[in-house]
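Asks: Take a look at the letters that make up each chain.
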Amino acid sequence: MIEIKNISKTFGDRLVVDDVSFSFEQGKTNLIIGESGSGKTTIMKMMVGLHELNSGEILYDGKNFPTLQVKDKQEVRKQIGMLFQGGALFDSQTLEENIRFPLDMFTNMSDEEKRDRVNFCLDKVQLTNRNNLYPGELSGGMKKRAALARAISNNPKYLFCDEPNSGLDPKTSIVIDNLIQSITHEFNITTIVITHDMNSVVEIGENVLYIYKGKPWWKGNGKDILHTTNPELLDFVFASGFMKEVFQAVNKK
Amino acid sequence: MKLFFHLGRYFILIKRVFSKPEKLSVYMKQIVHEIDNIGIGSLPIISIISFFMGGVITIQAAFGFTSPIIPLYALGFTTRESMLLEFSPTIVCLILAGKIGSNIASEIGSMRITEQIDALEIMGINSAGYLILPKILAAIFILPFLIAISMFLGIFGGYVMGIATGACNSYEFIFGIQAFFEPWKLYYSFTKVITFAFLITSISSYFGYYTQGGALEVGKSSTSAVVYSSILILVFNFIITQLFFT
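Keeping their order, the protein sequence lines are chains U and W.
Numbering follows this note's numbering, with no gaps: position 188 of the first sequence is 188.
Numbering follows this note's numbering, with no gaps: position 20 of the second sequence is 20.
Calculated from the structure, these hints are not laboratory results.
Accuracy of the hints is not assured; some may be wrong.
Label-pair ranges, simulated between beta-carbon atoms [stated by the list, open to error]: (1) W:217 with U:27: 34 to 44 Å; (2) U:199 with W:220: 34 to 44 Å; (3) W:245 with U:111: 47 to 57 Å; (4) W:183 with U:155: 53 to 63 Å; (5) U:111 with W:165: 53 to 63 Å; (6) W:33 with U:137: 13 to 23 Å; (7) U:133 with W:215: 20 to 30 Å.
Note that the Cβ used here is the ideal one computed from N, Cα and C, for glycine as well.
All chains, please: the whole structure from these sequences, using the hints.
Replies: What follows is the structure, encoded as structure tokens:
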């Protein structure tokens with residue numbers, strides 16, 4: 001479980017994250033949603049230590065991450081898997097080498113065990129027998145799946161996904177969402193997903209935090225959102241005509 | 001003030017680069033990969049340039065040595081001294097600053113803007129150490145060999161051109177390249193090479209590592225890497241020469 005308590009962040013004079021607290025539960029897909037520029041990616045970057053926070057606490061199973069020594073921070077980080085928006089796969093390495101990388105660095109597995117683990121991860125993300133492809137040879141959806149395979153290769157306790165559906169068609173988005181959710185449940189991982197894809201929110205949002213202008217504005221789950229009365233959240237969720245029709249149809253029932 | 005900012009950040013980066021590696025075997029593989037990339041990849045250009053420069057030095061010297069009191073073996077001697085003292089260790093390293101420096105800065109810069117460096121950090125890996133240390137060690141190891149090859153080919157180029165143009169004969173040239181040889185000059189040359197290898201790789205890595213923005217900024221980092229590496233090679237060339245020759 002990860003808890004954030006009263007975290008704030010400024011860039012220069014601009015307050016980007018303002019006193020946000022939330023609990024990300026283990027074994028659930030926890031979503032942070034909000035408009036572009038609302039501060040959700042900044043929150044995630046603070047949580048993984050890529051940005052320093054101005055105030056507050058980030059507790060990984062009770063340990064306050066920002067105040068840990070470098071060595072202890074690295075120990076926590078070894079338990080983190082992250083799926084970046086662009087995949088962030090190492091271009092010069094094949095898929096197998098990418099997925100093997102955390103295993104080479106942090107485990108004493110034999111070559112055969114590593115190969116088995118790589119194949120297991122590739123199977124999980126439906127990229128069986130694509131071991132020798134380079135990231136440049138993959139489509140957007142395949143890159144995301146490969147990045148997900150690398151993120152889970154070292155059995156992470158915490159999985160972060162930064163906009164996993166950006167740039168993907170709706171069908172591929174659903175595949176990615178389902179993968180994230182099934183991996184979360186199967187391995188009992190604390191998963192945090194940043195998204196503004198409403199389909200993802202409704203489908204996999206088991207614990208949702210809505211950020212508005214850097215502030216925590218609404219908490220609940222993906223199904224609750226359809227019945228919200230919060231005006232800012234309503235504006236965000238039903239920004240498109242299609243979603244408005246869905247909303248009206250749900251409320252008619 | 002900006003100079004102090006960059007100096008401070010450079011030394012902080014270097015401190016991170018030389019911190020204890022997470023897994024030695026992975027770093028060793030990277031070092032071998034970089035030796036291939038930096039060393040073998042640069043061999044053709046170094047060979048061609050050195051051979052022809054050696055030839056040109058001999059022809060120019062032959063053109064200038066018109067006095068009958070200058071012995072013909074002076075051609076071999078001049079070519080050897082030029083290649084050993086300045087051309088191979090300094091000019092070839094300046095050429096390598098362009099080739100290797102821009103390559104390193106753009107490689108690391110691209111990794112930065114595509115979040116690959118963030119990915120390493122989040123995995124708990126010291127990204128500076130993993131990406132930069134193998135490059136520095138590989139360059140320090142392989143550049144002296146490259147420069148030795150450059151010295152040999154330069155002198156050989158001089159020999160071939162000297163004979164081909166009739167400026168001297170084989171015996172005189174070979175006598176010349178052996179005459180008045182002082183081994184400490186090799187020590188001086190290779191001290192320069194090792195220093196320049198460190199400068200090229202560390203400065204280029206620094207510019208790549210702190211790239212911010214997109215493709216345009218990667219290009220700018222690459223240019224800055226070459227410019228600053230070249231300037232510092234010239235500055236350190238002066239300092240080392242002053243130290244050895246006084």
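Asks: Determine for every hint whether it applies to the structure shown.
Replies: Going down the list of hints, with the structure as the test:
One distance hint, 34 to 44 Å for the beta-carbon pair residue 217 of chain W and residue 27 of chain U, holds here, with the actual separation near 41 Å. The given range of 34 to 44 Å is respected by residue 199 of chain U and residue 220 of chain W, whose C-beta atoms sit roughly 40 Å from each other. At roughly 54 Å, the beta carbons of residue 245 of chain W and residue 111 of chain U sit within the given window of 47 to 57 Å. Range check, residue 183 of chain W to residue 155 of chain U: about 58 Å between beta-carbon atoms, so the 53 to 63 Å window is met.
Evaluation of the 53 to 63 Å hint for residue 111 of chain U and residue 165 of chain W yields a pass: the beta carbon distance comes to about 58 Å. For the hinted restraint 13 to 23 Å between residue 33 of chain W and residue 137 of chain U, the CB-CB distance of approximately 21 Å keeps it satisfied. Under the hint 20 to 30 Å, the C-beta atoms of residue 133 of chain U and residue 215 of chain W, about 24 Å apart, fit the expected range.
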